[in-house]
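**Q** Here is how the chains run, residue by residue.
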Amino acid sequence: MNAGETCRSCRLRWEESRVSDYGVSHGACRVDVFAFLQLLARLEARRCLKDIEPRLFAEDEGPRHGDVEPWRDLYLCVSGKTELLYHLLCRCVLPEAAGGLEVDALFVDTDYSLDMLRLVSILDSRLSSAGLEEAALRSSLSRLLVVHCSSSSQLLLTLHYLETTLNSRPSLALLLIDSISAFYWLDRCEGGASISRQEEKLSKCAELLGRLLRDYKFTIFATCHTIRRSCSGLAASRSSTLEADRPYLCRPWQRLVTHRVLCSRQEAENHTAGGSREEKRQVFRVHCSSSSSRTKASRISSFCVTDAGVQFI
Amino acid sequence: MFLTLPSILEKWPCQWSSGASGRRASPSFNAGEAVTALELLQRERECGSITTFSSQLDHALKGGLPVGKVTEICGAPGVGKTHLCLQLSVDIQIPRSFGGLEAQVIFMDTEGSFVLQRVVDIAAAVVRHFSLLAVDGEQKDTMQTFNMESILSNIFLVRCHDYVELQAELLLLPDFLRDKPRVRLLVIDSVAFPFRQHLDDLSQRTRLLQGLAQQVISMATRHNIAVVITNQMTTRLQDSQSHLVPALGEIWGHASTTRIILQWEGSQQVAAIVKSPCCIDTAIQYQITSEGFRDANQPEITLTNRR
Amino acid sequence: MVGLQEGMCPGLDGGLLRSLLAADVKTVEDLVSSDLEEVAQKCSVSYKALYAIRRVLLAQHTAFPVSGADLYDELLSSTAIISTGNPSLDKLLDSGLYTGEVTELSGGPGSGKSQVCFGVAVHVSHQLKQRVIYIDTTGGLTASRLLEMLQSETSDRDEQMEALQRIHVFRLFDAYSLRDRLSTLRSGGLLQASGGGSVKAVIVDSVSAVISPLLGGKQNEGMSLMIQAALALKTMAKDFGVAVLVTNHVTRGGRGEVQPGLGASWSHIPRSRILLERTDRAPSGCSSTLRSATLIKSSRQPCLIKEELDLQWWSRSERRSSGKRKRDEADS
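Chains as they are written, first to last, in my numbering: chain V, 111 to 423; chain Z, 2 to 308; chain S, 87 to 418.
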């Protein structure tokens, strides 16, 4: 049972210690045996995504079971955030032979922005560099599940339904939500003047996700758009950067988040006019910080986007 | 109207607010229906265009100022914006037998630049021009009624002192247009003056102007009228050089379908069409005479010769 | 939000509905996310019956996951690339507009956005013989210009008329009617509007004209309208396999740099964005139909590549004569 070991430093440590206690005493408490076995079975099945991207997360601070990652991009970002998301998604679904983790992932597309052609081209280039064929691409793709949601209500219902999927697919270890803030303005308008009504849906989603994380132990990555409160495009750039950085989604969601990854485009190297294509590549800077109570850690890394997806520098 | 809770819940929140805006729509225009481009072409041909009395400008605009579209005339003070507007106000009344539109005009004056004597001069020249052209009986008959008095009585003058008044007048305009179906031209001379004078908050100004633009565009389309808006010029620093550009900011520039800039180039007055859906950017020369807006290479002498 | 209604699923009868409403369970979401045991007690129904209802409702209203492999297969069979008819634009967009995607053109006044839209509409309707939906919010659509472009493509009058008939125009001048129109089109109206023929391109010129007056200030409603319209465009593009082309204005940032309008929230909507600019700096009468087009967002091409774009491309035969005329003017 090394599943318990891998996840020793999980947020829900007490639960695990109980597991190991019971593991030693072999069902000392009869009432709990069933629950315990089920929990053990789940822990055994789902892989921990601790080493999903060592260059992104601070050492020993990789996302563990039960972690949620929100991303937000600053500036008018040329899909740096999306590229990073695809990168992690590829790491998950690729076979181990191609450096992947070979686990299932569910992509919740609320923005209708999943660019399948782009994803396939990233997968393709990684598979071909590992010398794998078309069949590997198909099997990688079949490890990915995609669901489109067009309203926050549908998102909530779909997340409820997720429980069924989690039960039927023990290898499902990653949930991606792109983006969690897609319905922010719709909900705000729908909720009228009452803040609690505005945030009702997302709060419910967050609470549900919290429960699912506890019960099923998987990892969630979510993206979050930057909003500019001072709307006019003429807003002063520097002061609004700080403003835009502030989390704005509801509290239950903020509580759920353990790691925060900020992705921004580096100003330098951007406007090199002329020259070859290579010179015009865009460099993105990611700042990853964990906001959990354990330790404060952060790490800054840079990447650029190529045909084969994200490449860390 | 009473609704049960579930049916309320199913409604989009904004449907309630959009109901109000929907009611304002003119019944004459069925916004819900799609038209094919072919029908649109036929409509455009029926609408016709307004001659400017400058054959070069007419040619550049493919027949004159388009009816059903918004045209913006920009220029520094004294370059002839108001003159062109007044010329158009008279030209739109040219009788059908001479190929005109025989229509009426609303002139919204915000700067106080509507000078009656100028209108009288322009109108006199136009009447003179057509009385000389009249050949057949029908045309001679129409010339009986096409005179100074009828021309002046077909111009509805509205004086607006600030942007609030201007907006109020524009809100009331659809009703006026319903009562006066013969109106085919709306002149706003100028939109820049009230908005530049009394509004300091730039983002609010931009928003108000954009709202005004949409209002004017929808009026032009729904009631099939030509809209002519004049605008001032302002200097913008770019690459440490100052350029003369139309005022009210870049976003306002999207409001008009056609944009004409009038300017001095040396001793020549030049009208440059900088934005237009139907013609490439061109620049033509013109002049302002006591009789109105004319081609530059057609001095008054040739006009008298023709007489 | 879906309200609970009698007969939505077997077992949900009037009596149960009333007691559910009394227990403050009004919508499907309420029922699904409530503690069923508690509700069962409150409404004095069996937990089992309630559980069954929950399962059925969930199955009715949830979105189902699709395997990535299936999605990819479907995409391969349904995606088409629609040429814009202009080689430099096609080069920027990696051979044209992709169906299922939203492409944006932004630029200042007179930068040629509408001309590009006309050109695309004419090309799709004449060369590709497909229907086009053109939503005009600025009153800028001039049919005689479309005809002019067609005349340079073909001299056959019938063909010109047929091509014009394949372009369906909606003229909408406020954000509410744009939103409502887009959602009708999305929910099946797309097929009706075109009279049953297949639509391959939807053009909105311009999105910013109606939406940006509502942004700023309290901005809640404007943002919500913008997102609704955007979602309708995206789902329409996906569900019906159409290419969507929208236009946007530009604003100037703090350092005078040009950026597309409508702010950060909109920037996620288009898959590809092109910035059109005048090549000549002089604002005065220097006439030129050349524009520079810069790719500022794309997932297929390296960003910030630039191409020279000739607006006259779509009416080439005219180009020679007008060029000559210009030369004559210069000579005299």
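Check each hint, because a few of them may be wrong.
To be verified - Here are the simulated SDA-like cross-link-like pairs (lysine to any residue), alpha carbons at most 20 Å apart as the crow flies:
1) 181/Z x 63/Z
2) 392/S x 417/V
3) 112/S x 300/V
4) 215/S x 248/S
5) 177/S x 417/V
6) 112/S x 313/V
7) 215/S x 39/Z
8) 112/S x 228/V
9) 215/S x 345/S
10) 63/Z x 284/Z
11) 128/S x 177/S
12) 128/S x 117/S
13) 177/S x 387/S
14) 63/Z x 77/Z
15) 112/S x 318/V
16) 134/S x 309/V
17) 177/S x 318/V
18) 215/S x 284/Z
19) 63/Z x 230/S
Unchecked claim - Rough simulated footprint, nothing fancy, chain Z against chain S, three-plus residues with beta-carbon under 8 Å:
20) 120–129
21) 223–232
Claimed, not checked - With the Cβ distance kept under 10 Å, some of the chain S side facing chain Z (calculated, not the full set):
22) 95
23) 97
24) 152
25) 177
26) 181
27) 214
28) 215
29) 216
30) 218
31) 251
32) 253
33) 254
34) 258
35) 292
36) 299
37) 301
Calculated from the structure, these hints are not laboratory results. Every residue, glycine too, gets a C-beta built ideally from N, C-alpha and C.
**Q** Hint by hint, say whether it matches the structure.
**A** Each hint tested on the structure:
{"no.": "1", "hint": "181/Z x 63/Z", "result": "violated, 28 Å"}
{"no.": "2", "hint": "392/S x 417/V", "result": "holds, 19 Å"}
{"no.": "3", "hint": "112/S x 300/V", "result": "holds, 16 Å"}
{"no.": "4", "hint": "215/S x 248/S", "result": "holds, 9 Å"}
{"no.": "5", "hint": "177/S x 417/V", "result": "holds, 17 Å"}
{"no.": "6", "hint": "112/S x 313/V", "result": "holds, 18 Å"}
{"no.": "7", "hint": "215/S x 39/Z", "result": "holds, 15 Å"}
{"no.": "8", "hint": "112/S x 228/V", "result": "violated, 42 Å"}
{"no.": "9", "hint": "215/S x 345/S", "result": "violated, 35 Å"}
{"no.": "10", "hint": "63/Z x 284/Z", "result": "holds, 14 Å"}
{"no.": "11", "hint": "128/S x 177/S", "result": "violated, 65 Å"}
{"no.": "12", "hint": "128/S x 117/S", "result": "holds, 13 Å"}
{"no.": "13", "hint": "177/S x 387/S", "result": "holds, 9 Å"}
{"no.": "14", "hint": "63/Z x 77/Z", "result": "violated, 25 Å"}
{"no.": "15", "hint": "112/S x 318/V", "result": "holds, 19 Å"}
{"no.": "16", "hint": "134/S x 309/V", "result": "violated, 31 Å"}
{"no.": "17", "hint": "177/S x 318/V", "result": "violated, 47 Å"}
{"no.": "18", "hint": "215/S x 284/Z", "result": "violated, 37 Å"}
{"no.": "19", "hint": "63/Z x 230/S", "result": "holds, 10 Å"}
{"no.": "20", "hint": "120–129", "result": "violated (count 0)"}
{"no.": "21", "hint": "223–232", "result": "holds (count 10)"}
{"no.": "22", "hint": "95", "result": "violated, 14 Å"}
{"no.": "23", "hint": "97", "result": "violated, 18 Å"}
{"no.": "24", "hint": "152", "result": "violated, 26 Å"}
{"no.": "25", "hint": "177", "result": "violated, 23 Å"}
{"no.": "26", "hint": "181", "result": "violated, 26 Å"}
{"no.": "27", "hint": "214", "result": "violated, 15 Å"}
{"no.": "28", "hint": "215", "result": "violated, 15 Å"}
{"no.": "29", "hint": "216", "result": "violated, 14 Å"}
{"no.": "30", "hint": "218", "result": "holds, 9 Å"}
{"no.": "31", "hint": "251", "result": "holds, 5 Å"}
{"no.": "32", "hint": "253", "result": "holds, 4 Å"}
{"no.": "33", "hint": "254", "result": "holds, 4 Å"}
{"no.": "34", "hint": "258", "result": "holds, 6 Å"}
{"no.": "35", "hint": "292", "result": "holds, 7 Å"}
{"no.": "36", "hint": "299", "result": "holds, 4 Å"}
{"no.": "37", "hint": "301", "result": "holds, 8 Å"}
The structure shown violates the earlier hints numbered 1, 8, 9, 11, 14, 16, 17, 18, 20, 22, 23, 24, 25, 26, 27, 28, 29.
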